[in-house]
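Visitor: Per the numbering used here, the sequence shown starts with residue 328, numbered consecutively.
If you're looking for bench data, these hints aren't it; they were derived computationally from the structure.
Owing to the predicted nature of the structure, the values given are computational and were not obtained by experimental measurement.
Just so it is clear, CB atoms sit at the ideal spot from N, CA and C, and this is done for glycine as well.
Hints should not be assumed to be uniformly reliable.
Stated by the list, open to error - Calculated pairs, DSBU-like style, for lysine-lysine (alpha carbon to alpha carbon, straight line, at most 35 Å):
#1 LYS423 - LYS566
#2 LYS438 - LYS423
#3 LYS438 - LYS566
Claimed, not checked - Derived Cβ-Cβ restraints for the label pairs, each shown as a range:
#4 ARG523 - LEU376: 43 to 53 Å
#5 GLY518 - LEU556: 39 to 49 Å
#6 ARG371 - PRO494: 30 to 40 Å
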Amino acid sequence: MRYEERSVPGGLRHGFGQLVRFGVLQTRACAFAVALLAGIGGSRLLPPLPVARYDLVLVYGVLLTLVARRVGWETRRDTAVIAVCHLVGLLFELVKVHMGSWSYPEDALTKVAGVPLYGGFMYAAVGSYVCRARRLMRLRYTRYRAAATTLVAAAVYLNFFTHHWMPDLRWPLAVAMTAATAGTWVGFHVGTRRYRMPLAVSFVLIGFFLWVAENAATYAGAWNYPQQLAGWQPVPLTKFGAWSLLISVTFVLVEHLAGRQEPGRCPPPVSDSFKTG
Numbered sequence: 328m329r330y331e332e333r334s335v336p337g338g339l340r341h342g343f344g345q346l347v348r349f350g351v352l353q354t355r356a357c358a359f360a361v362a363l364l365a366g367i368g369g370s371r372l373l374p375p376l377p378v379a380r381y382d383l384v385l386v387y388g389v390l391l392t393l394v395a396r397r398v399g400w401e402t403r404r405d406t407a408v409i410a411v412c413h414l415v416g417l418l419f420e421l422v423k424v425h426m427g428s429w430s431y432p433e434d435a436l437t438k439v440a441g442v443p444l445y446g447g448f449m450y451a452a453v454g455s456y457v458c459r460a461r462r463l464m465r466l467r468y469t470r471y472r473a474a475a476t477t478l479v480a481a482a483v484y485l486n487f488f489t490h491h492w493m494p495d496l497r498w499p500l501a502v503a504m505t506a507a508t509a510g511t512w513v514g515f516h517v518g519t520r521r522y523r524m525p526l527a528v529s530f531v532l533i534g535f536f537l538w539v540a541e542n543a544a545t546y547a548g549a550w551n552y553p554q555q556l557a558g559w560q561p562v563p564l565t566k567f568g569a570w571s572l573l574i575s576v577t578f579v580l581v582e583h584l585a586g587r588q589e590p591g592r593c594p595p596p597v598s599d600s601f602k603t604g
């Protein structure tokens, strides 16, 4: 009886400690995204300057990318993958802004078809998170069906373009993604312990936090939805579902471009300035 009384608090302490470690790992994985969002928010506090704010944010994003590479947040391959995510995201922005889904109301020299070139950094930040989480938590997948998941992810990306003039297949694609990832588990390390969760659940969880980040980004003036032009309002909850689907696009890009780990091996943990030992 005494052993049980002592073991329960000990188990709780261990569980709380693991939760804190997990939070630290997630914070480290989000380093690029947090720094980018902080820079965008800080740009609104600057006094009037002869340089447009969007242009300054672009320069900041480029410098942040160089710093991330220099201090070891990203590997050379990560930087290349993130650059691809930037280009894929920029194409997405060009179409969606043209269709009026959201807008960048401020003037800038670096705007193309209404989209400032820094817009792709939003997707680069998501790519950075996936790359860093992959290494920091030593992600490994079991029963991952690459071809099926990639096919559905490509359909998800295409649907976000075509739904403006064709039926929106978001819900059928959500069902298809659930089927494609059924039985797929993602394993991850927190300290010395190994855990796992269904890949589809990880998409939903990341989608939720991306929706939270999108609220922060629009509040900081990164872009505006039509209903936010007269004053900031929370981003509709439907965007949570959209992000849960869109994260699959970044996931398959990273998996294809960053290189799959060898069977039976996990990528080694990364060492950088956020290492806590």
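Visitor: Give a verdict on every hint.
Guide: Status of the hints after comparison with the structure:
1. For the suggested pair LYS423 and LYS566, the alpha carbons sit about 14 Å apart, so the restraint of at most 35 Å is met.
2. Using a Cα cut-off of 35 Å, the hinted pair LYS438 and LYS423 holds, with the two alpha carbons roughly 14 Å apart.
3. Taking the CA atoms of LYS438 and LYS566, the gap is near 25 Å; set against the 35 Å cutoff, the hint holds.
4. For the hinted restraint 43 to 53 Å between ARG523 and LEU376, the CB-CB distance of approximately 49 Å keeps it satisfied.
5. A C-beta distance of roughly 46 Å is found between GLY518 and LEU556, which places it inside the suggested range of 39 to 49 Å.
6. The hinted window of 30 to 40 Å between ARG371 and PRO494 holds, with their beta carbons roughly 39 Å apart.
Going through the hint list in order, the structure satisfies each hint without exception.
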